[in-house]
Each structure stands twice: as structure tokens, then as C-alpha cells.
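Turn these sequences into a full structure, and let the hints steer you where they fit.
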Amino acid sequence: AQSVAQPEDQVNVAEGNPLTVKCTYSVSGNPYLFWYVQYPNRGLQFLLKYITGDNLVKGSYGFEAEFNKSQTSFHLKKPSALVSDSALYFCAVREPPNTGFQKLVFGTGTRLLVSP
Amino acid sequence: SAVISQKPSRDICQRGTSLTIQCQVDSQVTMMFWYRQQPGQSLTLIATANQGSEATYESGFVIDKFPISRPNLTFSTLTVSNMSPEDSSIYLCSVAVQNYGYTFGSGTRLTVV
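Protein sequences appear in the order of chains A and B. Position one of the first sequence corresponds to residue 1 (our numbering), numbered consecutively onward. Position one of the second sequence corresponds to residue 1 (our numbering), numbered consecutively onward.
No lab work stands behind these hints, which were simulated from the structure alone. Ideal Cβ positions, reconstructed from N, Cα and C, are used throughout, including at glycine.
Computed footprint of chain A on chain B; a stretch qualifies when at least three of its residues, placed anywhere within it, have a C-beta under 8 Å from a C-beta of chain A: (1) 27-41; (2) 87-98.
Restricting the straight-line Cα-Cα distance to at most 30 Å, the calculated cross-link-like pairs of lysine-lysine (DSSO-like) are: (3) A:K103 - B:K7; (4) B:K7 - A:K49; (5) B:K65 - A:K103; (6) A:K77 - A:K49.
See below:
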């Protein structure tokens with residue numbers, strides 16, 4: 001069964017500094033990887049996904065993520081953090097379509113706090 | 001990408017009662033998913049709902065507690081039955097969209113008192 005680990009409960013960064021939110025995964029076959037953000041009292045918003053192709057994926061709001069197969073990682077990055085990026089970030093994985101399973105499995109989430 | 005309208009956005013319910021949550025999608029979708037997010041926790045899949053068939057429940061979730069309906073390709077309901085304070089959570093529906101994406105409803109924040 002697929003699984004996702006987000007080793008940091010919280011990441012603190014100063015505005016303007018680069019940020020990284022870590023994610024590692026375990027899945028049979030090629031992974032389909034996702035990042036979502038959740039703001040208070042709101043649903044999940046899609047940031048980006050990796051299905052295949054270039055290991056560096058660019059997404060919404062200036063975020064990007066790097067897929068590293070050898071390290072089974074999919075870390076979320078942003079070159080310059082904004083206070084408005086403060087939110088809860090979830091990494092998620094699903095198995096490839098040929099397995100017949102479509103469910104998304106989420107990590108425990110990482111709270112990002114960007115200080116002014 | 002699909003847009004989901006989820007109702008209600010929040011509710012406070014008495015223990016022992018039931019609440020039905022609705023999700024309406026603006027396009028036809030094959031698979032719909034229902035998740036629970038307990039306070040301070042991650043999202044846990046409750047069940048997968050396909051139109052015209054019984055929902056498939058994940059380990060730890062049963063139909064008697066969380067009955068699901070999927071009458072057509074744009075609508076689904078999740079009922080939280082015989083509620084207790086432990087059911088206080090955010091409940092979210094989700095659909096699989098093209099290019100292997102997923103869209104989520106805005107969630108229902110349930111408090112059981």
C-alpha cells in the first residue's frame with residue numbers, strides 16, 4: 001500500500017527567504033505525487049502534481065517541487081516566501097492507473113509559518 | 001477542472017442525531033471520494049463512491065455509520081449517523097478529474113455536542 005511521510009510538523013521561515021517542505025513516499029510502481037495547501041476554514045487547494053517527465057514541477061503561487069526517485073522524495077520549494085504562504089501543506093500519493101486504485105493517500109501535513 | 005459545491009459548510013449537532021452532507025459537481029465524474037479530517041490531523045479516506053454501485057469503504061469505516069448515496073454522476077451524499085463527539089471533524093468530498101488530478105469541496109465542519 002502507498003504511504004507518504006512529512007517529517008516536519010512545522011516549518012518556520014522569514015519572508016523573502018527560500019522555503020522547503022519535505023515529503024517522502026512509498027508506492028508500488030511509478031508514483032503519482034501531489035501537493036495541496038489548506039488555509040484556515042477552507043478546503044484543499046491544488047498546488048502541483050508529478051505524473052511523469054521533468055523532475056522539477058512548477059505549480060501555482062510560485063511553488064515548485066522536485067521529484068527524486070532514488071531518494072523517494074518530492075519536496076515542495078519556493079525561492080522567496082511570503083507571509084501569505086502561511087498555511088497547512090499536504091503531500092499525497094496515488095498508485096499508477098494500471099493498478100486499478102485511484103485513491104489518494106495523504107501525509108500528516110506540515111504547517112508553514114512565514115514571519116514578516 | 002470540476003467545481004464542487006459542498007453543503008452545509010458547518011453544523012453543530014446533538015449527539016445521537018444524523019447529518020447528511022451533500023456534494024454537487026458541475027460536470028459528470030465517475031469516482032467521488034469522501035474524506036474525514038479530524039482536528040489537527042491529516043485527511044483519511046472514508047469511502048469511494050461510484051455511480052450505480054455500492055460505495056467501497058476503507059478499513060475502520062462501515063456503511064451503517066457512514067451511508068453514502070451516489071444517485072447520478074454529479075451528486076453524492078454522506079450521512080454521519082448516530083453521532084458522538086468523536087465524529088467532530090471536517091468532512092470533504094473529492095472527485096478525480098482529467099490528467100490524474102483531484103478537486104476537493106470546501107469541506108463541512110461538524111461539531112457534535
